[in-house]
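Participant: Here's the letter readout for the chains.
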Amino acid sequence: MKMTGAEAIIESLKNEKVDVVFGYPGGAVLTLYDALYQADFKHILTKHEQGAVHAADGYARATGKVGVVIATSGPGATNLVTGIATAYMDSIPLVAITGQVAVPLIGRDSFQEADIRGITTPITKHNYLVKKVEDLPRVLKEAFYIARTGRPGPVVVDVAKDVFAAALDYQYPQEVKLRGYRPLFAGNLETIDKVFEELKLAQKPLIFIGGGVNLSDSSGVLKDLIEQTGFPVISTLMGLGSLPSDHPQFLGMVGMHGTYAANMATTECDLMLGIGVRFDDRVTGLLSEFASKAKIIHFDIDPAEINKNVLAHLRVVGDLNWSLPALLQRVEVVSDKLKEQARSWTEKVLDWQRENPLTYEPQTELVMPQAVIEKVSELTQGDAVIVTDVGQHQMWVAQYYGFKSPRSFLTSGGLGTMGYGLPAALGAQCGLPDRPVILFVGDGGIMMNCQELATAANYNFPVKVLIFNNQSLGMVAQWQRMFYGGRYSHTSLKGQHTDFVKLAEAMGVTGLRVTKPEELGLVLAEALATPGPVVVDIRTPETVDLLPMVPAGARLDQMIMGGTEG
Amino acid sequence: MKHTLAVLVENRPGVLTHISGLISRRAFNIESIAAGYTEEPDTTRITIVVEGNEIEQEQVVNQLSKLVDVIKISDLTAVDSIQRELVLIKVKASMETRADILNIVDIFRARIVDVNRETMVIELSGDETKIDAICQVLEDDHGIIEIVRTGKIALARGPIPAKDQ
Chain A
1 MKMTGAEAII ESLKNEKVDV VFGYPGGAVL TLYDALYQAD FKHILTKHEQ
51 GAVHAADGYA RATGKVGVVI ATSGPGATNL VTGIATAYMD SIPLVAITGQ
101 VAVPLIGRDS FQEADIRGIT TPITKHNYLV KKVEDLPRVL KEAFYIARTG
151 RPGPVVVDVA KDVFAAALDY QYPQEVKLRG YRPLFAGNLE TIDKVFEELK
201 LAQKPLIFIG GGVNLSDSSG VLKDLIEQTG FPVISTLMGL GSLPSDHPQF
251 LGMVGMHGTY AANMATTECD LMLGIGVRFD DRVTGLLSEF ASKAKIIHFD
301 IDPAEINKNV LAHLRVVGDL NWSLPALLQR VEVVSDKLKE QARSWTEKVL
351 DWQRENPLTY EPQTELVMPQ AVIEKVSELT QGDAVIVTDV GQHQMWVAQY
401 YGFKSPRSFL TSGGLGTMGY GLPAALGAQC GLPDRPVILF VGDGGIMMNC
451 QELATAANYN FPVKVLIFNN QSLGMVAQWQ RMFYGGRYSH TSLKGQHTDF
501 VKLAEAMGVT GLRVTKPEEL GLVLAEALAT PGPVVVDIRT PETVDLLPMV
551 PAGARLDQMI MGGTEG
Chain B
1001 MKHTLAVLVE NRPGVLTHIS GLISRRAFNI ESIAAGYTEE PDTTRITIVV
1051 EGNEIEQEQV VNQLSKLVDV IKISDLTAVD SIQRELVLIK VKASMETRAD
1101 ILNIVDIFRA RIVDVNRETM VIELSGDETK IDAICQVLED DHGIIEIVRT
1151 GKIALARGPI PAKDQ
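Taken in sequence, the protein lines are chains A and B.
For the first sequence, the numbering used here begins at 1 and goes up steadily by one.
For the second sequence, the numbering used here begins at 1001 and goes up steadily by one.
Chain B extracted, bound-state conformation (with noise of 0.2 Å):
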């Protein structure tokens, strides 16, 4: 199953690669990873989504834990909490297509912002199923020039912070 990790670090040079190191020397499955800074400004919040059963998600949390620069894990998987990702999708687009993508842009209630010639760029924040859907209908009716996501971010819902948790 997947596991959402809340990991705040230092905001030192030199963390992601301790991060990223100890990642690939465990060979764990890390399906995405998003860094950012906080509201605090020495620290940085990263948002791991890990694949693994309960043993290997442990392994995951202790071994990070145990990086001198890891303050804190909080795994959200189970608290209720807010998902998001961010997608910019490149698609192709004519003068005859547009409309029909206006149409799927508002049903997932997207936004295009760039349009020209040739192509529209969609923007639209979600959960992972709703951004897979839409480049689907995208890529089957008009072809994706490319794509770009963030990996996911998390954040727990009420007043408790993750460092407090």
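Just chain A, same shape as in the assembly (with noise of 0.2 Å):
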């Protein structure tokens, strides 16, 4: 079929079946955007291209689908620089279509000309400059491929200006050959026997589930292990969600902001089961004292992440739905056996759970924002699609709301980029418009992509933005506090001027206020109820310690513990 490079895009979106893609028109992309103009998916115009492209991630964690940006050259390709670094980081599958300048006008410095390939090579699974308009098929078909199988993550397609408006014969190849890339399913079945072993010698083990769970949508069958073996389990922030919190086995998120149980357990266990986990500095602490008296069996579909941080013991490179699946089959035959096996072990570890819950104080005269959290929890059953900012509030949700199901908490967990939750927020609540959607944001992140209310209110997508207000910029502060002699160089906000309820009703958003404990479960409920975005500007105190700590390369059981100060 004859048809333009630009028009070549949306046919090969619409092969992909694309139904929604983030944007914002440029020069380079024009052609593109003419295309676009009657090209039968939707696409969301957003304030800025950042707010684009963290729109397009939130899409594609709250869907499983591949999330889809467009961009012009130059200034708009940098503009998705932190996003798709942040996609990166967490494994998100992206697609990202930038303008390039005409190819006789590359490397010559033109008018909005950045190398955008050159800038994202280190933050992308793979990237692409298509200057004959013949590559564009291929090249589209393999970005999808690439984005979203394996270990998934975003892929840049940077196409020339003159590639949109130039003709080919088009036609959407059937599959990819790429010589280099083999995504493996299956990996090898005596390791997964030698687990099996392990698990049958293990007198204190423990399951350590990441973000691969949701990723790679397992958590089925992950229950089921979880619930044949008996052992206890321990989540790092992105794993979060792919068991339910209340589940009888859980004892919560580990690390640098982990519960007492979930830190204790990783250094008393003499076996531990990583499941879809990276190991990362936040979790293990020092590195040289993590689980130092287990062995450490590493499940990834990533070859590269074995032996990476943490030593495995063994290792079980593939799928998470080849290898859960085929330990849970050997695991079922011995079910009572391991149960019994490890008894006086879990009983342990959930005694410590019983004994060192998270506690805070509640107040009566200030709003503290662990109980706004456990509001939220109790007001939405845990049913909502939680997506937080970075901060403080993070770490709080982490820690106190009641996840019932995967892929419903969205936050940046590897890049840790303020500013990702409202855009993701509004991405979510495109991709799956009958659930609600609330974003946890502070004071400090919700300035950093404030412009996109205006998108929500536009699209009226009925988001609820919960700032927590404590007029600061509260994890800095923490650490300004803890550990840089309470001076806190430039982290307070205090006497500044941003009235966010008056900021949300100039954009068109719904603004409510909470000020006292006693108006936050009304209000909250006003604003669940309220139709389209709302925001709450709710005030929290300035100085409340996010605790259990474990200090920036401390051991992972020299927490710092008790409650917080009002």
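Quick caveat, the hints were computed from the structure, so don't treat them as lab data.
Wrong hints could be hidden among the right ones.
Capping the alpha-carbon separation at 27 Å, the derived lysine-lysine pairs in BS3-like fashion look like this [claimed, not checked]:
1) B/Lys1066 to A/Lys65
2) B/Lys1066 to A/Lys141
3) A/Lys308 to B/Lys1002
4) A/Lys200 to A/Lys177
5) A/Lys47 to A/Lys200
6) A/Lys308 to B/Lys1092
Computed from a prediction, not measured in an experiment: that's the story for all the values here.
Join the two chains, each given in its own frame, into one complex according to the hints.
Facilitator: Here it is, written out as structure tokens:
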């Protein structure tokens, strides 16, 4: 079929069953936008390219589909960089289509020229610069395939401006031919047998789950495996939601702000099954002392994750949808024996959990951030898609929200991108129009992409934005309080004049406010019941410490415990 | 310890950017890197010499293997292989010193490829220690003006090519 490069892109997106793209037009993509004018999928126009890429990321995390973002050359493309890096660190499937200056102008420092392929090389799974129109169908087919298969990740397709207008005889390839890319599904069954032998020997086993479980949608079989073994379970930030938070074997999040039981169990266990985890420094604390009494068995689809941070005694490389069922099949036969063998250990760690729960001191005059999360958890019954920004509130949500289902907690874990939350929430809502989407965000982070409130209003995305307004950059201030002698260098936002209710209203969003604990329940209920987007400015105390905390580089059992000061 | 890796990659624009970007981002300790076409026109072969222990070496191989452009990596360290590097050395040479330089060239089985009133250019291929040795002698006795080295290339002995290993 004869068509232009721009039409070929639209056609290819249709072939990939794309139902929405997020983007922002500009000079180099004018021809592509002209073809988009009559495309039969949605285009969401954000207010900033960074908003578009985070929205595509939020869409991908919530739905499991590939997120698509379009931006123009130069500044349009460079504005995507933070969002691409965010997706890369958390293994989120994205395809970013950027315009490039026309082929004769490449390399001449032309207007709005930036080498986005060079810039994004270290933060993409793969990237392309398309200078010949006949390459477009193959490149797009490969881009989507690479983004979603194996360990997912972002792919950038940079297209020279003249390619959009050039004519080609379009045919979308049926399959990809990539000599250097063969994502493996199944691994070696003998390793599963070896893992099984280790399980039968373990006295103090611990299951450690991570983002890989959410990404591979393997939480069903994981839950069966957990229940058949009876072993206690801990999770990374990214693994939350893949097992219900109130599961009787669940000890909560491990690491810098993990629970007492999770961190102590890690320190004391003699066998750790790390499932879809990458042993990030926020999880391990002092690496040499992490789970130092344990044999570590590492399940991951990415061979390069094995022995990257923590040395694995056994490696199970392959899709969790292959390895977990294979292990489950073996475990089922000896389920009672495994449970019996680990019984005293399991009881001990569950005692730790009971005796050292997460606590804070409720206040009569002040709205405690933890209380807000508990209230939202109660009102939504754990059914909402929860999105956070980055900082103290993010960790409190991880600690106090009762998650019920996978892909229901969207947060920038690896890169820790402030400003991620609002646009990601819009993307999630766009992908899941019938689910309640709730964003927790700080008064610092909301301002990093607050322009997207206008997008929420324009498309009537009914996202509920709960701003924890403590007039402070809380996480950094906490570190200054703990490790820098209380010298609050540029972290106080006190006396600043932003009125979040008015900001919301100016953008066309309903604005509400909570200043006292007795208002909390009513205002939150009102926010949830109000159609369309709502911002709630929640005044929280300035100096609340996020605890427990393992100081950076300390051992996991060297936690600073305690409740919180008002 | 040093490892010599034969890396077969797609012969496409941007491949070297991907390889060098990865090496830089992961802070790998690369001693030399040499690239060129192969018997298959769509394949480029890169020989990489990497310094590190077994774990570090495994990371280099695993991370490089993740690149979509990388078709195959084989570690030639443990297999019987031929390893060569090519060097061109421009050395100070007067009428009086030429004879001695020729002598050195002869001992190392190198070749003179250019000569003029003040300099000679010497070509030598061999392993790293041999090249280091001639450079040392020439520098000490005559003075070197400039050197260019290709970095090591390596090929396994026997009939099986790296792509089938």
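Participant: Each hint: holds or not?
Facilitator: Now for the hints, and whether the structure bears them out:
{"no.": "1", "hint": "B/Lys1066 to A/Lys65", "in the structure": "holds, 22 Å"}
{"no.": "2", "hint": "B/Lys1066 to A/Lys141", "in the structure": "holds, 19 Å"}
{"no.": "3", "hint": "A/Lys308 to B/Lys1002", "in the structure": "holds, 19 Å"}
{"no.": "4", "hint": "A/Lys200 to A/Lys177", "in the structure": "violated, 43 Å"}
{"no.": "5", "hint": "A/Lys47 to A/Lys200", "in the structure": "violated, 56 Å"}
{"no.": "6", "hint": "A/Lys308 to B/Lys1092", "in the structure": "violated, 49 Å"}
Consistency with the previously given hints fails for numbers 4, 5, 6, ordered from lowest to highest.
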